[in-house]
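Here the protein sequences come in this chain order: A and B.
Its first residue numbered 1, the first sequence is counted upward by one per residue in our numbering.
Its first residue numbered 1, the second sequence is counted upward by one per residue in our numbering.
Treat the hints as calculated values from the structure; they're not laboratory data.
Check before you lean on any hint, since a few could be wrong.
Chain copies aren't distinguished; within one or between two, either way the pair holds.
Quick list of in silico lysine to any residue cross-link-like pairs, SDA-like style, CA-CA up to 20 Å [said to hold, decoys possible]:
#: 1; residue 1: Lys435; residue 2: Ala404
#: 2; residue 1: Lys156; residue 2: Ala362
#: 3; residue 1: Lys331; residue 2: Asp259
#: 4; residue 1: Lys331; residue 2: Arg65
#: 5; residue 1: Lys156; residue 2: Pro215
#: 6; residue 1: Lys435; residue 2: Ile177
#: 7; residue 1: Lys435; residue 2: Val262
#: 8; residue 1: Lys156; residue 2: Gln300
#: 9; residue 1: Lys435; residue 2: Leu41
#: 10; residue 1: Lys435; residue 2: Thr51
#: 11; residue 1: Lys331; residue 2: Ala319
#: 12; residue 1: Lys121; residue 2: Ala242
#: 13; residue 1: Lys435; residue 2: Gly174
#: 14; residue 1: Lys156; residue 2: Arg291
#: 15; residue 1: Lys156; residue 2: Arg290
#: 16; residue 1: Lys331; residue 2: Glu12
#: 17; residue 1: Lys435; residue 2: Arg178
#: 18; residue 1: Lys331; residue 2: Asn50
#: 19; residue 1: Lys435; residue 2: Arg56
#: 20; residue 1: Lys337; residue 2: Arg65
#: 21; residue 1: Lys435; residue 2: Ala52
#: 22; residue 1: Lys435; residue 2: Glu175
#: 23; residue 1: Lys435; residue 2: Ala232
2 protein chains.
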Amino acid sequence: VIVTDVAGILAEALGSGQVAAGDSLSHDYGHDEALNVTAQLPAAVVFPANTAEVARVVAVAVEHRIPLTARGSATGLSGACIPTAGGAVVSFERMNRILDIDTANHVAVVQPGVTLEQLDKATAAVSLVYPVFPGESSASLGGNVATNAGGMRAVKYGVTRHQVLGLEAVLGTGEVIRTGGRFVKATTGYDLTQLITGSEGTLALVTEATLRLYPRSAYSATILAPFADLDAVTAAVPPIIASGVGPLMVEYLDRTTMDAIVASGRLDLGVSQPVKDVSLAFLVLVLEQRRDVRLEEDVQELATLVAGLGALDVYVLPAQAGTRLIQAREKAFWTAKAAGADDIIDVVVPRASMPAYMREVAELAGRAESWVAGCGHAGDGNVHLSIFQPDPRTRGALVRDLLAAGLAQGGAISGEHGIGKAKKTYVAALEDPAKLALWRRIKTAFDPAHILNPGSIFDQEPSA
Amino acid sequence: VIVTDVAGILAEALGSGQVAAGDSLSHDYGHDEALNVTAQLPAAVVFPANTAEVARVVAVAVEHRIPLTARGSATGLSGACIPTAGGAVVSFERMNRILDIDTANHVAVVQPGVTLEQLDKATAAVSLVYPVFPGESSASLGGNVATNAGGMRAVKYGVTRHQVLGLEAVLGTGEVIRTGGRFVKATTGYDLTQLITGSEGTLALVTEATLRLYPRSAYSATILAPFADLDAVTAAVPPIIASGVGPLMVEYLDRTTMDAIVASGRLDLGVSQPVKDVSLAFLVLVLEQRRDVRLEEDVQELATLVAGLGALDVYVLPAQAGTRLIQAREKAFWTAKAAGADDIIDVVVPRASMPAYMREVAELAGRAESWVAGCGHAGDGNVHLSIFQPDPRTRGALVRDLLAAGLAQGGAISGEHGIGKAKKTYVAALEDPAKLALWRRIKTAFDPAHILNPGSIFDQEPSA
Chain A
1 VIVTDVAGIL AEALGSGQVA AGDSLSHDYG HDEALNVTAQ LPAAVVFPAN TAEVARVVAV
61 AVEHRIPLTA RGSATGLSGA CIPTAGGAVV SFERMNRILD IDTANHVAVV QPGVTLEQLD
121 KATAAVSLVY PVFPGESSAS LGGNVATNAG GMRAVKYGVT RHQVLGLEAV LGTGEVIRTG
181 GRFVKATTGY DLTQLITGSE GTLALVTEAT LRLYPRSAYS ATILAPFADL DAVTAAVPPI
241 IASGVGPLMV EYLDRTTMDA IVASGRLDLG VSQPVKDVSL AFLVLVLEQR RDVRLEEDVQ
301 ELATLVAGLG ALDVYVLPAQ AGTRLIQARE KAFWTAKAAG ADDIIDVVVP RASMPAYMRE
361 VAELAGRAES WVAGCGHAGD GNVHLSIFQP DPRTRGALVR DLLAAGLAQG GAISGEHGIG
421 KAKKTYVAAL EDPAKLALWR RIKTAFDPAH ILNPGSIFDQ EPSA
Chain B
1 VIVTDVAGIL AEALGSGQVA AGDSLSHDYG HDEALNVTAQ LPAAVVFPAN TAEVARVVAV
61 AVEHRIPLTA RGSATGLSGA CIPTAGGAVV SFERMNRILD IDTANHVAVV QPGVTLEQLD
121 KATAAVSLVY PVFPGESSAS LGGNVATNAG GMRAVKYGVT RHQVLGLEAV LGTGEVIRTG
181 GRFVKATTGY DLTQLITGSE GTLALVTEAT LRLYPRSAYS ATILAPFADL DAVTAAVPPI
241 IASGVGPLMV EYLDRTTMDA IVASGRLDLG VSQPVKDVSL AFLVLVLEQR RDVRLEEDVQ
301 ELATLVAGLG ALDVYVLPAQ AGTRLIQARE KAFWTAKAAG ADDIIDVVVP RASMPAYMRE
361 VAELAGRAES WVAGCGHAGD GNVHLSIFQP DPRTRGALVR DLLAAGLAQG GAISGEHGIG
421 KAKKTYVAAL EDPAKLALWR RIKTAFDPAH ILNPGSIFDQ EPSA
């Protein structure tokens with residue numbers, strides 16, 4: 001297939017005003033934010049305006065065997081929206097309407113191009129909240145559903161899949177299906193909603209999502225606790241969860257990462273110099289409540305608990321300082337990137353296994369003469385590691401060892417970034433072949449022509 | 001295949017001590033608690049003691065094309081554990097060990113034959129709770145995972161699928177896979193945990209489940225509020241959820257059902273006779289808290305709210321009366337069965353659509369000259385209807401109309417009971433054929449020989 005064919009075929013299907021190709025194509029369509037995936041421009045980008053047009057695109061793609069890669073805001077970290085050479089990008093930027101904010105059922109119904117920021121504004125207006133904040137508010141909901149996005153609030157509310165109640169999606173056959181609905185419970189056949197969520201655009205193109213909303217809490221507070229080392233901070237997490245206080249965020253940062261975000265965010269957290277000097281790791285807790293008195297009680301309870309768990313000091317941050325710390329923490333990826341990180345991984349392990357895992361990480365990094373720093377969602381056992389090692393071969397071996405060590409601790413390769421094109425070789429090397437074979441059969445069930453985002457998560461071996 | 005062959009083949013695989021057939025077979029193996037599915041004894045029952053034995057059973061079943069139906073405690077209401085004629089039941093009664101109560105990660109790891117009662121005792125000992133209480137504590141966890149069991153606490157904690165973090169399962173190919181783990185978030189390929197949960201034994205045989213636990217709340221209270229009619233009680237639900245108080249249970253009962261459970265449970269709820277005389281529906285709210293002062297505040301807040309929403313009176317029940325009311329409510333199915341109900345359905349609709357749906361139910365019941373009564377999980381929009389209509393044809397048409405009306409309200413056919421063999425004809429008639437075809441292709445991906453619980457949820461059409 002040559003470039004002009006793909007654009008021509010799609011233009012014939014949707015009209016030339018909805019297709020871009022050749023010189024008019026922005027380089028943006030060739031990449032996302034993954035650090036280690038080669039950019040690749042598609043043969044064409046198509047901009048459907050509604051579900052019927054998406055279905056038409058899929059139908060002609062099946063007919064002409066054109067690979068299709070869905071694209072939201074392209075803020076992902078796994079390369080899952082980088083297209084196949086000669087294929088087309090399906091951009092959802094025109095399908096960006098909030099279709100309903102249903103205050104009686106506490107759901108939002110959105111098109112895939114709606115951004116988190118857009119949804120947050122609309123829900124705030126009615127004192128509700130969509131609780132997934134993966135740290136980049138320009139991200140689209142379609143992308144969040146495809147990636148099963150997480151973020152700092154997952155320890156209280158869960159991740160994207162826990163909020164996705166229903167979908168409209170176009171299968172790889174061109175058929176449009178609707179799954180789930182404006183309810184939390186159902187047991188009526190296989191749960192296609194959950195299967196499509198997190199499938200990174202390889203099973204279906206999501207054209208509408210029904211998302212769970214919650215009452216927005218009125219009061220929040222931030223606690224910062226420096227610790228002597230990473231071991232001590234990660235060991236403090238299980239008792240904090242066991243307390244039942246139910247914090248909104250339970251984050252850890254190592255000294256390097258804290259220094260970097262303090263510098264880039266120009267933060268003054270009020271930590272005294274003597275404490276700073278002996279603190280190699282930090283715990284950040286955010287609490288929220290619907291009553292101010294309860295918030296104060298919870299802050300007291302957790303501050304006392306944390307002090308007893310080895311914190312060198314405990315700071316309850318003033319509201320503005322707390323907000324700025326969280327905002328700076330959200331930008332940790334950009335800070336790491338600016339510092340020259342060569343790769344980023346986000347292993348998840350059982351939260352009580354974090355101390356043991358972090359010791360292994362330090363050992364593996366040392367052995368590979370590489371520098372590894374990070375922060376993460378401690379309440380969820382989700383460890384974000386920035387890897388500084390310019391040599392691709394040494395780095396690849398180290399990443400593989402770090403992921404294998406996470407799996408050996410009973411963990412998973414990615415907690416929230418996804419696999420995409422960035423980590424599929426690690427998945428192929430480390431995951432059970434029986435599971436990979438099953439994934440391939442499931443993909444074929446949804447997408448018999450293998451046109452939906454081929455080469456993401458895994459390579460489809462010929463089924464014959 | 002004749003009966004002796006199946007037993008002989010399985011005895012050869014596992015040893016004759018682990019197979020029962022012929023006259024030694026209890027009639028229990030031919031039914032569950034579904035009201036409208038014909039009992040069917042299997043050719044044999046096999047009792048594996050571990051995962052390797054389950055895998056061996058599946059391997060010989062594939063070789064000899066023996067249908068296999070998994071069975072836990074057989075307390076299900078959909079006939080999903082009623083075997084195929086000439087097939088075998090795989091009973092998990094020997095695989096009944098709690099493998100771990102992990103207090104640091106808040107998970108339990110259980111074999112499928114563990115009962116809810118057994119798990120509740122073990123978790124209570126460490127002040128944790130597995131929060132799914134579908135009303136029958138002799139139910140097995142394997143059955144709960146297969147059915148995606150719900151119950152009264154779902155409005156706060158969600159249903160079984162929200163607690164299943166990982167599985168070990170034997171595919172229809174005989175391969176053993178492990179999915180998920182002791183963590184809440186991951187995005188590493190397709191979520192097989194969620195797909196197998198709720199698949200009613202048609203995709204894989206679950207041999208181990210990793211389940212989420214929560215801190216057990218110390219304090220609870222029950223509020224009972226009589227209303228003039230069903231419309232008023234269901235209309236009160238959205239504001240209660242919107243309040244943010246977060247009740248543990250939000251249940252409604254119609255007058256008929258309340259009278260029946262009060263009589264069968266010999267309850268004295270302290271409702272005055274003048275109020276009783278004008279109350280056609282009841283709301284029951286249960287709250288829980290980790291601090292007694294907060295519980296009192298929450299009770300006050302909700303009692304005031306409910307009074308403003310049209311309750312004829314509001315009773316805060318003494319602890320023992322509250323417990324007895326909930327226990328009697330849990331037995332509502334048995335009460336309905338004892339009263340001669342001919343069928344039971346559990347449609348789910350968006351909770352704000354309950355008033356409209358209940359009006360349709362009344363109209364449809366009247367038109368069919370049938371009597372329909374019920375109760376349900378109002379917070380979840382999950383409506384349990386007992387249908388009294390002895391004529392199977394009239395009843396079948398009425399059930400179909402009731403389910404279709406639920407779907408038209410944006411709902412689903414079953415909120416928690418599942419489809420099994422009891423409702424598959426309704427699913428075939430009412431669900432989107434494109435979705436049914438996709439389900440069949442997914443089943444084939446897991447179970448290419450179609451030996452796992454064939455004829456549950458849907459009939460597998462020949463793939464040729």
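Hints, one by one, checked against the model:
{"no.": "1", "hint": "Lys435 - Ala404", "result": "within (16 Å within a copy, 37 Å between copies)"}
{"no.": "2", "hint": "Lys156 - Ala362", "result": "neither (29 Å within a copy, 40 Å between copies)"}
{"no.": "3", "hint": "Lys331 - Asp259", "result": "within (13 Å within a copy, 59 Å between copies)"}
{"no.": "4", "hint": "Lys331 - Arg65", "result": "neither (39 Å within a copy, 56 Å between copies)"}
{"no.": "5", "hint": "Lys156 - Pro215", "result": "both (13 Å within a copy, 13 Å between copies)"}
{"no.": "6", "hint": "Lys435 - Ile177", "result": "between (26 Å within a copy, 7 Å between copies)"}
{"no.": "7", "hint": "Lys435 - Val262", "result": "neither (43 Å within a copy, 51 Å between copies)"}
{"no.": "8", "hint": "Lys156 - Gln300", "result": "within (19 Å within a copy, 26 Å between copies)"}
{"no.": "9", "hint": "Lys435 - Leu41", "result": "neither (31 Å within a copy, 34 Å between copies)"}
{"no.": "10", "hint": "Lys435 - Thr51", "result": "between (32 Å within a copy, 17 Å between copies)"}
{"no.": "11", "hint": "Lys331 - Ala319", "result": "within (19 Å within a copy, 50 Å between copies)"}
{"no.": "12", "hint": "Lys121 - Ala242", "result": "between (33 Å within a copy, 18 Å between copies)"}
{"no.": "13", "hint": "Lys435 - Gly174", "result": "between (26 Å within a copy, 13 Å between copies)"}
{"no.": "14", "hint": "Lys156 - Arg291", "result": "both (17 Å within a copy, 19 Å between copies)"}
{"no.": "15", "hint": "Lys156 - Arg290", "result": "both (15 Å within a copy, 16 Å between copies)"}
{"no.": "16", "hint": "Lys331 - Glu12", "result": "neither (42 Å within a copy, 62 Å between copies)"}
{"no.": "17", "hint": "Lys435 - Arg178", "result": "between (27 Å within a copy, 8 Å between copies)"}
{"no.": "18", "hint": "Lys331 - Asn50", "result": "neither (33 Å within a copy, 48 Å between copies)"}
{"no.": "19", "hint": "Lys435 - Arg56", "result": "between (32 Å within a copy, 19 Å between copies)"}
{"no.": "20", "hint": "Lys337 - Arg65", "result": "neither (37 Å within a copy, 56 Å between copies)"}
{"no.": "21", "hint": "Lys435 - Ala52", "result": "between (34 Å within a copy, 18 Å between copies)"}
{"no.": "22", "hint": "Lys435 - Glu175", "result": "between (26 Å within a copy, 9 Å between copies)"}
{"no.": "23", "hint": "Lys435 - Ala232", "result": "neither (36 Å within a copy, 50 Å between copies)"}
Hints 2, 4, 7, 9, 16, 18, 20 and 23, counting from the list given before, are not met by this structure.
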